[in-house]
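Go ahead and model the full structure; you've got the sequences and the hints to work with.
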Amino acid sequence: GQNIDQPTEMTATEGAIVQINCTYQTSGFNGLFWYQQHAGEAPTFLSYNVLDGLEEKGRFSSFLSRSKGYSYLLLKELQMKDSASYLCAVRDQTGANNLFFGTGTRLTVIP
Amino acid sequence: DVKVTQSSRYLVKRTGEKVFLECVQDMDHENMFWYRQDPGLGLRLIYFSYDVKMKEKGDIPEGYSVSREKKERFSLILESASTNQTSMYLCATSPGQKTQYFGPGTRLLVL
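Chains as they are written, first to last, in this note's numbering: chain H, 9 to 119; chain Z, 30 to 140.
Among the hints, erroneous ones may be present.
What the hints assert, rightly or not - Straight-line Cα separation of at most 27 Å, DSS-like style, residue types lysine-lysine; simulated pairs: (1) H:K89 / H:K76; (2) Z:K86 / Z:K42; (3) Z:K100 / Z:K84; (4) H:K65 / Z:K127; (5) Z:K127 / H:K84; (6) H:K89 / Z:K99; (7) Z:K99 / Z:K127; (8) Z:K42 / Z:K127; (9) Z:K82 / Z:K100; (10) Z:K86 / Z:K99; (11) Z:K32 / H:K65; (12) Z:K32 / Z:K82; (13) Z:K127 / Z:K100; (14) Z:K86 / Z:K100; (15) Z:K32 / H:K76.
If you are wondering where the hints come from, they were derived from the structure by calculation, not from laboratory data. Values in this document were obtained by computation on a predicted structure and should not be read as measured data.
Here it is in structure tokens:
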């Protein structure tokens, strides 16, 4: 089976940096995704990691350590519009290569 | 841009009614998915399809069925709606083993 854990809620200040952690246990790891979801809207793709290390994309970066079953999403220069839920999802080869989602971290950015 | 559309944004049905949720994509993606999203539970996979007329059960298929007669269209059917099927339903598509693109979602209320 799969087990994905991430914090339920976080609060950070506009202009600051925030790190959202995700730990996972899966038998056939085949990649990790981060999605952003604003309230009442569909999730949108942010990043994909399949090898260890850091992937940077503008203000957003994502890190993966497969040996530790750990990933984080780093958001820099926070803006009010970054207030959203951030979903960690793991692809599992033993699960027909489908995605398994965590429950999401609701980030609130305050002035 | 990938475009995934769902037939309704909001739907209200009565217990016992048959409910059809339609998803259409315009990017010729092979894979299509139906999820439901509930507070505290995250996204859970109901059914998926890797090709026309092909369907596979996800994690929570009970009470649902699907139909994929054409590549671009994937329908979710609630044979006899129940109140515990009140939820947000999200359709997603993907080209092979790449990221999934989500539709805007259908918020279903069963009374």
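Checked against the structure, which of the hints given earlier come out wrong? 1, 6, 8 and 15
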